[in-house]
Amino acid sequence: MRPQSKGTIVARKTIEQRLAELDAQRSALKARLSKTERNNDMRRKVLIGSLVLHHLETANDQEFKQQLDDWLRRELPGFLTRDNDKALFADLIGQGLTGTAENGDSGQGAP
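When the letters of the sequence shown are read in order and numbered with the working numbering, they come out as residues 26 to 136.
Treat the hints as calculated values from the structure; they're not laboratory data. A couple of the hints might just be wrong.
What the hints assert, rightly or not - With a straight-line Cα cutoff of 27 Å, these simulated DSS-like cross-link-like pairs (lysine-lysine) come out:
id, residue 1, residue 2
1, Lys70, Lys60
2, Lys55, Lys70
3, Lys38, Lys60
4, Lys70, Lys90
To be verified - Using C-beta positions, here's what the derived DEER-type ranges look like:
id, residue 1, residue 2, range
5, Ile73, Ser52, 30 to 40 Å
6, Leu113, Lys90, 36 to 46 Å
7, Leu113, Gln91, 19 to 29 Å
8, Asp116, Ser52, 43 to 53 Å
9, Ser75, Arg37, 51 to 61 Å
10, Trp96, Asp66, 14 to 24 Å
The C-beta atom is built at its ideal place from N, Cα and C for all residues, glycine as well.
Take the sequences, apply the hints, and build the full model.
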């Protein structure tokens, strides 16, 4: 076997450095993609919520508006677990359904 020359050691180190750089870039890109996906998910939730609230406030179809209101009154109390979240929707779900936990916040919430 031939002993490794100094150039081979330098080249190997350079390759290892490059691989480390590529791993770091890959991690950064994965983090950026994850952040973008979270932002898009949040944006979708806000937009669908805006649509629902818009229809509750402005719908000309009273039957649809009443069905939507009934559905929210039925589903929201089971979906919302934190009292401060329930308080945000007191106008939709009623005052009597907020304040059910003794400490005011169970530490859990809707996604």
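Is the Cα-Cα distance between Lys55 and Lys70 27 Å or less? holds, 23 Å
Asp116 and Ser52, beta-carbon distance inside 43 to 53 Å? holds, 45 Å
Straight-line Cα separation of Lys70 and Lys60 no greater than 27 Å? holds, 15 Å
Against the range 14 to 24 Å, how does the distance between the Cβ atoms of Trp96 and Asp66 compare: consistent or not? Holds, since Trp96 and Asp66 (Cβ atoms, about 22 Å apart) stay within the stated range.
Holds or violated: Lys38 with Lys60, Cα cutoff 27 Å? violated, 33 Å
Taken at face value, is the distance from the CA of Lys90 to the CA of Lys70 at most 27 Å? holds, 20 Å
Does the beta carbon distance between Leu113 and Lys90 stay inside 36 to 46 Å, or does it fall outside? violated, 20 Å
Is 51 to 61 Å right for how far apart the beta carbons of Ser75 and Arg37 are? holds, 57 Å
Does the Cβ distance between Leu113 and Gln91 fall inside 19 to 29 Å? holds, 22 Å
Do the Cβ positions of Ile73 and Ser52 conform to the proposed distance bound of 30 to 40 Å? holds, 32 Å
In this structure, the earlier hints numbered 3 and 6 are contradicted, and the remaining ones agree with it.
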